[in-house]
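Sequential numbering from 2 applies to the sequence shown in our numbering.
Among these hints, one or two may not hold up.
Calculated pairs, SDA-like style, for lysine to any residue (alpha carbon to alpha carbon, straight line, at most 20 Å) [unchecked claim]:
1) K59 / E137
2) K176 / P232
3) K169 / M201
4) K209 / E137
5) K210 / Q14
6) K176 / P159
7) K52 / V75
8) K209 / D98
9) K169 / L132
10) K169 / M192
11) K210 / G144
12) K175 / M192
Keep in mind the hints are simulated off the structure, nothing from the lab.
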Amino acid sequence: MSFITPDWPAPEQVNALSTCCDGGVSAHGYASFNIATHVGDDILSVAENRKRLVRDAKLPAEPVWLEQAHGTTVAVLGGARYPRVIEADASIARCDDRICAVMTADCLPILLCKQDGSAVAAVHAGWRGLLSGVIENTINALGEPQQILAWLGPAIGPGCFEVGAEVKGAFSNKKAVMGQAFQQIDEAHYMADLYALARMTLLHNGVKKMYGGEHCTYNQPDQFYSYRRQPITGRMASLIWLQS
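Generate coordinates for the entire structure from the input sequences, incorporating the hints supplied.
Set out below in structure tokens:
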């Protein structure tokens, strides 16, 4: 089992990682460290993978998994008990041992922390969430954007993410500069750069300290799942938490 840990100047009490696709028990297209229960994998295999994640990453608690919907809802993890289903695409924690988690397989996971170690957040940012404002909502919930560090986890790279002209047009309408994150390949199609779109959004909303963004899930099959590469596939997890 292997993890990617952010190379960023986060305070000591902030812990973070992204899983890779190796070291688990899932088979076939889900091989082998699938973390998601909603993709058709054997539920017992997923349960074992999640158990191994807690054990091998030495997590202080179970991650709080979200029912992701490509939306903009931000869940605040504060109490000892949570609803059985939390439908959200981002979560925030301000106390120890509340593990924020998002699952991805091409979409962009973004991990955020305050420089004083007072709060952390995890964001699931596909193009729909980026367009609709999931980053903006999370920054607003955290507050003090100038004090936020952002790490961009493994996502599909700019040379592999083909979208229609309507997607490029929607981002250009949101903010003209976002059109620069698209490279035209024919009259109706563009290659989109999720990393660039996220960086533009973070910067526009006051977050200047950004790290990561060097992987491509599509082009690194030994490390990552990719829905674009193989629709029947697993999901990685990106986690962040506070631990004194």
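Next on the checklist: Which constraints among the numbered hints does this structure fail? Numbers only, ascending.
Outcome noted: 1, 2, 7, 8
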